[in-house]
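*Asks:* So the sequences go chain by chain: A and B. Numbering that gives the first Met the number 0 puts the last residue of the first sequence at 103; the count rises by one with no breaks. Numbering that gives the first Met the number 0 puts the last residue of the second sequence at 317; the count rises by one with no breaks.
Incorrect hints may appear among the rest.
[Stated by the list, open to error] Quick list of simulated restraints, FRET-style, between CB atoms: (1) B:D213 - A:K78: 43 to 51 Å; (2) A:R65 - B:D213: 47 to 55 Å; (3) B:N200 - A:K46: 48 to 56 Å; (4) A:E58 - B:N173: 53 to 61 Å; (5) B:N217 - A:G80: 23 to 31 Å; (6) B:S97 - A:G80: 31 to 39 Å; (7) B:N200 - A:V83: 38 to 46 Å; (8) B:D261 - A:K46: 40 to 48 Å; (9) A:P82 - B:T230: 42 to 50 Å; (10) A:I103 - B:E232: 50 to 58 Å; (11) A:K46 - B:K234: 50 to 58 Å.
[Said to hold, decoys possible] To list a few chain B residues with every Cβ distance to chain A over 10 Å, as calculated: (12) K74; (13) R85; (14) F149; (15) K204; (16) N208; (17) K255; (18) Q292.
Hints are computed from structural coordinates only; laboratory data are not their basis. Even glycine gets a Cβ: it sits at the ideal position worked out from N, Cα and C.
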Amino acid sequence: MAKDLNKESFDQAISKSKVSIVDFWAEWCMPCRMLEPVMEELEKELKGKIDFYRVNVDENPELAARFGIESIPTLFIFKEGKPVDEIIGFRQKRELESLISQYI
Amino acid sequence: MEGESHKANQNNEIEKLIIIGGGPAAYTAAIYGIRSGLNPLIFAGYEHGGQLLLTTYVEDFPSYPSILGPDLMKKMEDHVVKLGGRIVYKDVEKVDLSSYPFKVSCEGKDYFSYSLIIATGAKPRWLGLPNEQRLIGKGVSNCAVCDGFFFKGKKVAVVGGGDTAMEDASYLANLASEVYLIHRRDTFRAVEYRQEKVKSNPKIKIIYNSVVTDVLGNEKVEGIKIKNLITGEEKDLEVQGLFVAIGHDPNTALFKGQLEMDNNGYIITTEFTKTSKEGVFAAGDVVDKKYRQAIVAAGWGAMAALDAREYLSNKKLN
Chain A
0 MAKDLNKESF
10 DQAISKSKVS
20 IVDFWAEWCM
30 PCRMLEPVME
40 ELEKELKGKI
50 DFYRVNVDEN
60 PELAARFGIE
70 SIPTLFIFKE
80 GKPVDEIIGF
90 RQKRELESLI
100 SQYI
Chain B
0 MEGESHKANQ
10 NNEIEKLIII
20 GGGPAAYTAA
30 IYGIRSGLNP
40 LIFAGYEHGG
50 QLLLTTYVED
60 FPSYPSILGP
70 DLMKKMEDHV
80 VKLGGRIVYK
90 DVEKVDLSSY
100 PFKVSCEGKD
110 YFSYSLIIAT
120 GAKPRWLGLP
130 NEQRLIGKGV
140 SNCAVCDGFF
150 FKGKKVAVVG
160 GGDTAMEDAS
170 YLANLASEVY
180 LIHRRDTFRA
190 VEYRQEKVKS
200 NPKIKIIYNS
210 VVTDVLGNEK
220 VEGIKIKNLI
230 TGEEKDLEVQ
240 GLFVAIGHDP
250 NTALFKGQLE
260 MDNNGYIITT
270 EFTKTSKEGV
280 FAAGDVVDKK
290 YRQAIVAAGW
300 GAMAALDARE
310 YLSNKKLN
């Protein structure tokens, strides 16, 4: 299960991970909930290669604003703490696999 | 875990009926299919729930004076599960209708079936402007209930004249400081009560006979360019959000070249649900370019399942 981050824990977690993916989501966002099982499967498949995190935008509006998020779900990929890619909206598993795999 | 809930037939046994889709048409087809003893396998996809997931309140589905779209879909899904329906929450990648039984491929596995119901629905259409595509998720959206949250106190525009556009404008008026509703004609397609809700809302400003010709802004939406189709006059509107609700395109890419379709990709059927391929039936928004209602899609689903039953029984495959 992806670890939930907040504004206190965010920077430390991201900088510690070689590659990480952060799922910006909210409870009321249906496409976010559709993405959930996809992310869970990807997490199982990519275990040890990439760290999975989540940020609830309702609880962390500062983080959403910091990354200019205006639509969810949005996935941010970080490499050694730096954002390298942003994936907006629901995607199929195969598509996500190929998008993410270029950073591993 | 949802993905595990389905049990495929043992030893690659050939299915009687495979249903592809995860909206009202597919789930109703499943209910009728199960009760007809066809034990269908349902590929609902990762996006199961369909377009109703992107809505708020549905107030025209009989027996529910007011219900949230996602709740309505959950109830339909529960109904299928309660009857013992086998639902796969994964995406079909390939369908081969050239051999019989038909072949359906999903994440590296092949499934075979004597009949098929296609109920893959439709997806929202974009305007097709380069700057619109560039700014998706940066102020451009097709899901007001998903993204409205980010536009509290800001100015937004909604484009379209149908039910979705009205619902989006009304929903956004609760959050945004001002909502422009832009429509290319001088009348709306939406049902009356939704139109009234929009017209009587002081926060919604309707701009008729106009189209969006460009989306402005570098990193984020800062405005839109609109053109009045009667006067030809162009002007810029300062908005931070643009919600596109101009209609839908059918999800029929899987069947291209295998089934007869019209120019817009809608599957052509005869005698209600029969496609150009015997044994393949279509239901809901993949066929219906006119009504596009949950209840209509559900009706199509029932018809398709009954037609599949009849087909299988004529072939003595039931």
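*Asks:* Against each hint, give a clear statement of whether it holds in the structure.
*Replies:* Results of checking the hints against the structure:
1. B:D213 - A:K78: 43 to 51 Å: Hint violated: Cβ distance 34 Å, outside 43 to 51 Å.
2. A:R65 - B:D213: 47 to 55 Å: violated, 29 Å
3. B:N200 - A:K46: 48 to 56 Å: holds, 50 Å
4. A:E58 - B:N173: 53 to 61 Å: Distance hint for A:E58, B:N173 is violated at roughly 21 Å.
5. B:N217 - A:G80: 23 to 31 Å: 25 Å Cβ-Cβ, so the 23 to 31 Å window holds.
6. B:S97 - A:G80: 31 to 39 Å: violated, 51 Å
7. B:N200 - A:V83: 38 to 46 Å: Because 43 Å falls inside the window, the suggested range holds.
8. B:D261 - A:K46: 40 to 48 Å: holds, 46 Å
9. A:P82 - B:T230: 42 to 50 Å: holds, 45 Å
10. A:I103 - B:E232: 50 to 58 Å: Once the Cβ atoms are compared, 52 Å apart, the range 50 to 58 Å for B:E232 and A:I103 holds.
11. A:K46 - B:K234: 50 to 58 Å: holds, 54 Å
12. K74: B:K74 is indeed farther than 10 Å from all Cβ atoms of chain A, at 15 Å.
13. R85: holds, 17 Å
14. F149: Label violated. Min Cβ-Cβ 4 Å, cutoff 10 Å.
15. K204: Answer for B:K204: holds, closest chain A Cβ roughly 22 Å.
16. N208: With a cut-off of 10 Å, B:N208 remains clear of chain A, as the shortest Cβ separation is near 29 Å.
17. K255: holds, 17 Å
18. Q292: holds, 19 Å
Going down the numbered hints, you'll see the structure goes against 1, 2, 4, 6 and 14, while the others check out.
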